[in-house]
Amino acid sequence: MPQAPVIDLAIELRGVHKRFGDVHANRDVDLQIRKGSIHGIIGENGAGKSTLMSILYGFYKADAGEVLIDGQVVRLANSRAAIEAGIGMVHQHFMLVDTFSVLENVMLGAEQGMALAPSAAAAREQLQHLADNYQLNVDPDALVGELPVGEQQRTEILKALYRGARVLILDEPTGVLTPQEADQLFRILRALREQGVTILLITHKLREVMDVTDSVSVMRLGEMVAHRETAETSERELAELMVGGSVDLELNKSLPNTGEVLLEVKNLGVRDARGVQVCRQISFNIRAGEIVGVAGVSGNGQSELLEVLAGIEPLSAGSFNVLGQEVDSKYKINPKTLRSLGVNHVPEDRHRLGMVKPFSAAETSILGYHDDPVYRRGPLIDGDKVTAHCQALMNDFDVRPPDPSLRSAAFSGGNQQKLIIAREIEREPKLMLVGQPTRGVDIGAIALIHRRLLALRDAGVGILLVSVELDEILALSDRILVMCGGELVGEVPAGDADKAQLGLMMANAREVENV
Amino acid sequence: MILADFFNVLDAALRVSTPLIFCAMAGIFSERSGIIDISLEGKLLASAFAAACVATVSGSPVLALSVAMLVSVCLSLLHGVACINYRGNQVVSGLAINILMSGLTVVLGIAWFHQGGQTPSLSPSARFMPIELPGAAAVADVPVLGPLYSGVISGHSVLVYAAFLAVLFTSWVVYRTRFGLRLRAVGENPQAVDTAGISVAWMRYRAIIICGALCGIGGTYLAIAQNAGFSREMSAGQGYIALAAMVFGNWRPGKALMACLLFGLLDAVAIRLQGVPMPIVGQVPVQLIQALPFVLTVVLLAGFFGRSIAPKAIGQPYSKDR
Amino acid sequence: MSSADNTVHMPTWLRVGVVPLVNLSMALFVSGLIFWIIGENPIEAVRLMIYGAFGYQEAIGYTLFYATNFIFTGLAVAVAFHAGLFNIGGEGQAYVGGLGMALMALAFDDVLPVYLLVPLCLVSGAVFGAAWGAVPGWLQAYRGSHIVITTIMFNFIASALLGYLLVSVLIAPGSMAPETRKFLDSASIPYLYEIAAWFGVELSRSPANGSLFIALICAFGLWLYIWRSPSGYALRTVGFSERAASYSGIDARKVTVITMCLSGGLAAMMGLNEILGTQHRLLLNFTAGYGFTGIAVSLMGRNHPVGIVLASLLFGALYQGGAELAFDMPKVTREMVVAIQGLVILFSGALAYMSEPWVAWVYGKLIGKHVIVEGAV
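Going down the list, the sequences are from chains A, B and C.
When we follow our numbering, the leftmost residue of the first sequence carries the number 1, and every step to the right adds one.
When we follow our numbering, the leftmost residue of the second sequence carries the number 1001, and every step to the right adds one.
When we follow our numbering, the leftmost residue of the third sequence carries the number 2001, and every step to the right adds one.
By construction, these hints were calculated from the structure, which means they are not laboratory data.
Remember, it's a predicted structure, so these values are computed and weren't measured experimentally.
You may find that some hints are simply not true.
In silico DSS-like pairs for lysine-lysine, Cα to Cα no more than 30 Å straight-line [stated by the list, open to error]:
(1) A:Lys357 x A:Lys385
(2) C:Lys2369 x A:Lys332
(3) C:Lys2369 x A:Lys357
(4) C:Lys2254 x A:Lys336
(5) C:Lys2365 x A:Lys385
(6) B:Lys1312 x A:Lys357
(7) B:Lys1312 x A:Lys61
(8) A:Lys357 x C:Lys2254
(9) C:Lys2365 x A:Lys61
(10) A:Lys332 x A:Lys430
(11) A:Lys332 x B:Lys1312
Calculated Cβ distances over 12 Å to all of chain C for the following chain A residues [said to hold, decoys possible]:
(12) Arg124
(13) Gln126
(14) Glu146
(15) Phe186
(16) Leu241
(17) Glu313
(18) Asn334
(19) Gly383
(20) Ala392
(21) Ala494
Examples of chain C residues lying across from chain B (beta carbon under 8 Å, computed) [claimed, not checked]:
(22) Ile2295
(23) Met2329
(24) Lys2331
(25) Glu2335
(26) Val2338
(27) Gln2341
(28) Ile2345
Where a beta carbon is used, it is the ideal one built from N, C-alpha and C, also for glycine.
Same shape as in the complex, but just chain A (with noise of 0.2 Å):
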């Protein structure tokens, strides 16, 4: 419940509300938000955090509920709207335009009159006048395209405050800095405060929390489910309340039965398509017969990883052997190659990598396996053979409905998902990359995901899961891997992992020692 009412709040949401087709991204929401403070917003992925302030900034509009800014009831149709009332946004995906020099993206929708000239003058000298006041130092003809991300971002700091901004909103602005950017980003922060200026940082990193924030809520699950003084809380108790009251998963796990080493990863390094480096020096193996957990928050590196691993992306420094197959950045293994060898990929993002939605489920059942002769009859393939075999995934994982003639697309989230694991166990794998296996699937599917999975390694196979739920981690990894800002940061054994602790790692690799 919302802490007794306190005079001067900057901004107030009632009761909203907000839900994306089936999906409620928003349940009940109450927030209260003192002027002139830092103010958390913390929570898990998916936890609505980003939709609340897509309301409030005026790109959403709530389904219920109201907002208050300066104690007026305000409506915000649009960003125009939001934007007059005084809020700016630095979205976790910069709006900016590459093309542009620093000082066009600041100018534009804020210009002063149709000639571009007279209004480029004031903003330069705006520009230079915020750069006194807070530190917000970047070269205003740069091109954005060619600066550093800490740069962008302060950009986009710089567009808000041009605009006349008094609430700032930052979408998990570190996810993209290095700890020094992140560093001098809170200094401009509270320098902003100093100002006056309100500020709204939403993030799941518990330090920045401790390190920057007056008061923290806590969002799970599209509501909000605690409201702290951050003076008053540690972050132990924010991890608990973020991830939330644990599941009992009943698993009656074996002990493992390890055997060879399957897969060796040596000082990996992957750049994205942009040549940031995502994921540097990682190096760790897996057995048969164990499963390895790889816990994070999101956007941490382990995407990359698992998709390196799968042959989908290449690799920049290092190398990995899988199954005495050599792989380095100059030799990118195909994930065919890869399937031949049995080592078989859940990706994470099920609709677009694991099937293709218009297909047919009996389609998507053979995708990866168009080419294998099992399913042809002379040169073409054979329908009925896939029908048939579809059929069968269906029933030994009791996809619903059973019928292997329906659009990919029109099953369930955990049918979905039952479906692709069940086409990538049947082909009996050494090795199984996993990513987020039970990702918007019901209870009832996961516990029977869980089980195929726990079976699989009992029977010998490695596995590598990727997941960003802890719970699932810790119910089915025999090791678990702890990724942050693209590092291993730690390795646990499962038996001697907590929840609160591993939550710390993933927040931090430096908070470790102080446990």
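Please build the complex by placing chains B and C on the supplied structure of chain A, with the hints as guidance.
Frame of chain A, contents of chains B and C only:
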């Protein structure tokens, strides 16, 4: 003699380039806003037809110009409804307009004028006739510069000069105004524009309206300045050549102007060289020179020399849904 | 507030069956308006067109003749569509394909018998057309140039190339028209009435020829390829989701080039009907816009061979009926058909999603529920 020949070719090149320039500038407005416009061709044809019809009926070139621009803007709006409101495929929509206009101009032309798709030949008073620039006759005898001024620069329809003004206009709007800043932004990152509180759809509509208006002037030039009436398929692919010139000019007004002049020059040279043997290479096939704009554009697009980079958000319908 | 049990998704039969018909009706309605504007009776026009296209044997022959062209060019557009590629270069690919056929015919029509020469011409034409499609495909896959722009450019380049060859190189000696000499009989595909005569059936003379069967075989073959072969599976995967393709190990770039070869090759087959089937020589602009019509045909036929064959028949009837109409209605010419074609592309293609909410609304009123329209993409 050779100099006179050269000036003749330059003079012809200016005439041929004019519709290309209007269309290329039109294309820049549309494509900079993120909307692919292959319907330049259709709009050129339709406005040429409209201009010829109105000039025939009313005898007023200015009225003809206005109606032609209006018709072309209406086609732009049709394109906009399909691409902006109904998220249709921009190429399909453009193609539909081209094919529709290719048929409709002839059908209506025959129905209204009974001359096999042509409009009646216009009297000079119903056309934009060549105008002589001040002092053209006086300096004609000055060596080199005289003929250049009187023979190449002077003596064109007012719309030819308007084409160059259109380039200045485009360049000014795109780079020096608030509208231009937003225009460039909406073609690169519409979400940035949306979050800045500007309506993406309205920006794009305004861009394509300007696009339509400019095409309309180009079509008017074709029908009632360069020629004395409409003839079937008179745009003859010039909308596509303008598209190529725009791509070749990297979506920039100045460079696109250069590309239009180059393509126009190639065309003029091709006509001049028809049947004339050249030293060393012998007779150059006209078709080779005609194909050159397209070949050059393909080679440029392939990145073998230079690079032509389209606005990033081009071709994608915008919606803020995830 | 609509509760969950009161909303239903738009059923497939409505989306695939009713919506396209609504779109087509809108296109035909606007076409009717054009007739009305130019002062002709639209109803009468429809009657005359139907009679002109199907009323007697010769008319049906012509309708089938035009339909044959459209089947080829429609299939060419469709196969590219399935791989997520927009090939508007069918016109140029058909043109260059025709060149490939003519070269073989000119070289060998005095030495090879018909049963060797026609297949040779077919292969040669297919290779030429495929090459003309492959280059833009390669440029898109490996150099990142936009296939729409490059295929447009390639249409013009093809036109210039053929123009040069026909005017200056291949022109028949002593001829004024830019066309090759007439091929000998060994390079011709028999007419339908000739084929019928072998079986003792008498048909009226018309340009419809054996290419029609090849077109139908291509339609069936393409259906097998796209929906029944491993390569077709890869092609559709690339078309729907490049990420899924890379997940499953499919090389999207290779698929792009192969698909464009196939598309160009199919467009080139139009030459069988025009060059080997009826004209018996290569002539300027024999493609006459059929390559572009293929886009309308493919859109109307929802990129499915069966739909394409049906849409080709419709367009064949439009062309033939339109030509006949020109005799009876002085204000109507063949260009009327071009305009109708443009309207079909507009309503069935560009504005394809416009009528969906309306149809959904009407359907919802009928069943008393709220009908959700799935967004495009």
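Exercise for the section: List in ascending order the numbers of the hints, as given earlier, that are violated by the structure. Expected result: Hints 2, 5, 17, 18, 19, 23 are the ones this structure does not satisfy, whereas the remaining hints hold.
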